[in-house]
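Mind docking chain B on chain A? Use the hints.
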Amino acid sequence: MELIRQKPGEDRKVLGQAAEGVEVHDAEAVNDASRRELYKKREPIHPKAVHGKFRTAKWVFMALALGAYYLIPFIRWDRGPGQPDQAVLVDFADARFYFFFIELWPQEVYYITGLLILAALLLFLVTALFGRVWCGYACPQTVWTDLFIAVERLFEGDRNKRIKLDRAPWSADKAWRKIGKHAVWLLIAGATGGAWILYFHDAYAVLNNFVTGQAALTSYVFFAVLTFTTYTLAGTMREQVCTYMCPWPRIQGALIDEEALQVTYKWDRGEPRGRHKKGESWEGRGDCIDCKACVAACPMGIDIREGAQLECINCALCIDACDEIMIKVDRPKGLIGYDTDKNVKARSEGGTGSFTFLRARTVLYAVLIAGIGALMLYGLFSRAELSLDAWRDRNPNYVILSDGTVRNGYTLTVVNKASEPREVELSLESDPLMRLRVLGNQDGDLTLTLAPDATNDFRLYLSLPPEGVDAASEPIAFIVTDVETGETARTDSVFQTGEMR
Amino acid sequence: MADEDKREVDAYSGVDTTGHEWDGIKELDNPLPRWWLWIFYASIAWAVVYMVFMPAVPAPPGFDGHTRGLRDHSERANVAQAMNDLQAQRGPLFDRLQQAADTGGIEAIENDPELLNFALAAGESAFGDNCSTCHGRGAQGAIGYPNLNDDVWLWGGSFEAIRQTLHVGIRWEDNPDTRFSQMPAYGRDGILSREEISAVADHVMALADMIEPTEAGNTTGREIFELQCSACHGVNGLGDQTQGAPNLTDRVWLYGSDEAQIENTIWRGPYGVMPAWEDRLGEETITALAAYVYLLGGGERSAFSEAALDGAHQASEAGR
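One line per chain: the protein sequences are A and B, in this order.
Those letters in the first sequence? Residues 34 to 534, by the working numbering.
Those letters in the second sequence? Residues 62 to 381, by the working numbering.
Only chain B is shown next, with the shape it has when bound in the complex:
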């Protein structure tokens, strides 16, 4: 395209043209600005320096790897080093956390502000990596996946019980000590008819004060409940944490609280599973997770009460 013969001096600017021409439009051969040129040369020099010192040239086809450069720089090695440094930095705090949990329980963690902040941060991070898939980022749960913020605990809500549940899992058959219980699939397995299930559901909802007692609920429902359900849930439906049987009279419903959802739960018999984490996570991570979950606000403590009130609030409490 460049045509030396066509180079000429542009009459208007007095600058050479390149000899290129497109439909009568010619291109001036202005020199590059000097500052630009110097930066360009400096960039070339920098590229050469970079190639000498840093990994730069890939191996030819058929070979693996690349030139390593004089600095032998490796981002992978840097990451590994950073991870090791992080472990070394956190190690002492994890040790303290573990020791506090083993000797003084959750109170020992709560009473040490530094340990408390560390447990919350470490627990939140581990929760996000391992637990949030089912329980949600804020541990808010979903249908079939318990909300861990509330004060309802199927297998116990003390710090130790939460730790144990994390260790062995729930209905995790690979672990011999796993938390286990099973509610029959009353409908699917043909134990109860649809009408009978409906009557039991009526009775359960009446127990929870959600509906007025019905005729069917009071007769067939109550009879079946006492025969089939009360062994685990109790005659009054208050549940049993040793068997993972939920309290049916409270306001929290893992599988939904409307009539169709309750009937469906009885029909199919829920079988919620949580992995045993002792094979996957280190002891200190489980401790941090247990503390985090406990401290989400619903942990159970014998002397625990949420009544932390100023005078006015106490007065109104007394008046209730």
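Isolated chain A, as found in the complex:
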């Protein structure tokens, strides 16, 4: 993976040993709140590579997340002739959203609302249990930044190499490394923007059109915008996005309580910190040898030992960094690890820590998630494929005919969500004297032919002879019944007679 192998001790400012075999890292928490100024130029952060179980977990998760993002548009799903066969498709042109077996119409956007509510509650639950795992593992900003840093490392080497390279005057070597890095970044950014547009058209067709210059202008615009944002947000802005632009750190900060697991420096065990000399006893002192490995590894440019802070995305890389050191100095791993503020406090007072999944707020979140999820599933599986609305003419409200008969006009909107055409029979619940006529049909013919997967409009005229008029407004209902399946749908409306109340 790495083109450049770091030679131990090379070009490194010698800061001395934090413990035997452990050098102090020349790292500072440049993004710490106390050091930040709005008008100051960004101080670059050069996170050091770490190895460990959390780093491995993050590689795996990155592969899954990016794999899903790039491959999902190519999954096919047969919906029958004339229907798109892309499993996940947001079809703006035909106003449909497809997700495997689900097909949603624009008027069903409340499912999206429900999904967003579910997503919010899931985030609440996960945050109450495990802190900012969204920020640390799943947020696109984190995933892509992580990938971009890996590319950076590939071209420019690890932390100290990169610092040295940045300070070095321009040379052919520096130039090709920088150009190579930015070129690969742009390629990844372009692929990000390129994959985005695959979700809005048939993936294979739009890919072909895109390359041959025949895709819609919006495709190119979104490609350009997402390429630009990916390149700048993950390449050059990085931790500034989380620190300054993103609302999540603020919101999540409010959702975390002292019983949530967070990436925590266990100061009860680590303090008092200090350098450890060979042969010195570990009694009476903390396990932290102040080597700053955690600071050097931090992509956010902070010091985890300052405690939970807005800038910390809980990426857990400092856990791996610290564990490596703890192994070297032969102390137990987990000086930095997932723990709760409550536990740390309890241990510092001589007690023991514990963690429970069942707390009032986690139970409440879980119940809400289950309830809303069940409601949405019920809605999805009982979703009608036939529905109708009646829009009564308001201008004129009613018409008096020559013999005194009152007539109202309606536009009947019949939605056929099935993918095949069907015939429905229109009927009326009303005063038995009322007469119904469908414009375009022969007199007495109340059969409506519905186009597949479409909204069908019909003009209706409803008449009531004067002897039937006995109220200003009479309730009516339109009912359509599928001739073959017997599926019905109804809508209530009124008939205005023009009688004074």
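These aren't lab readings, by the way, just hints derived from the structure by calculation.
Here the structure is a predicted model, which is why all the values come from computation and not from measurement.
There is no bait here: all hints are sound.
Some, not all, of what chain A presents toward chain B, calculated at C-beta under 10 Å:
id, residue
1, Gly442
2, Arg470
3, Gly473
For every residue, glycine included, the Cβ atom is placed at its ideal position computed from N, Cα and C.
The following block gives chain B in isolation, referenced to the frame of chain A:
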């Protein structure tokens, strides 16, 4: 106002002041946020690019026009192009509509769902532009302006009659073929006295079953009606579409149905006018308008009946 001599370093923030001072309040000379500054510079660059490519700089005073820019962009040209495209797109449907109307009449339009929807949409649009001023947005009419939704037609309610009326207008003197008839102003021109008009009104209202027959109506009223009115309205007041004479026995009254309104109508003799549209609108627009008005619900067809009933409704109909 800026006074270089007064610039100082603010003790609290460590930032330079601008040297401005108002009643002891000083202004810090903080730099602009970098992100803001970059957007500002990008906007300036964009403005220059825009001026090069797009119409931007007006001609100096005394000259017309403006710089055209490299793209030679013109919203006027775009609108003209869009209008042409629209015409080209609609053209085939208008042709089909016209052909259907000329060969198969309204039934040919009604039986073709695509043509029906097109005629309704095109007709509604043309109606809104040309007709709604008098007849109302929903063709509901007003006093003196017929309601086109009902089944009462002064000059005929068949598709062809409506088309003809649209072509030549009503009492539109510029058109030699216009629909024409005139009711005398019986009161204003001194033909009838107020008492006589009142008696005729009584008779007319009795014909329409709106009041019980009165003594004056049955004698003077009936006599004058048969002498003066029946030539056009018929002895029984049933009207005559060839002369634009309304049926006086139905429930629809163009100029109002209370006694004072009826007397006023007889007094002044109405003279409703509609322009001839053949000089203003294309043939296919008139066809679409005629179809729209016909399909508003009151069009007259020989075999036409509104009785489209399910079984229960038919039964109740038979029982009436």
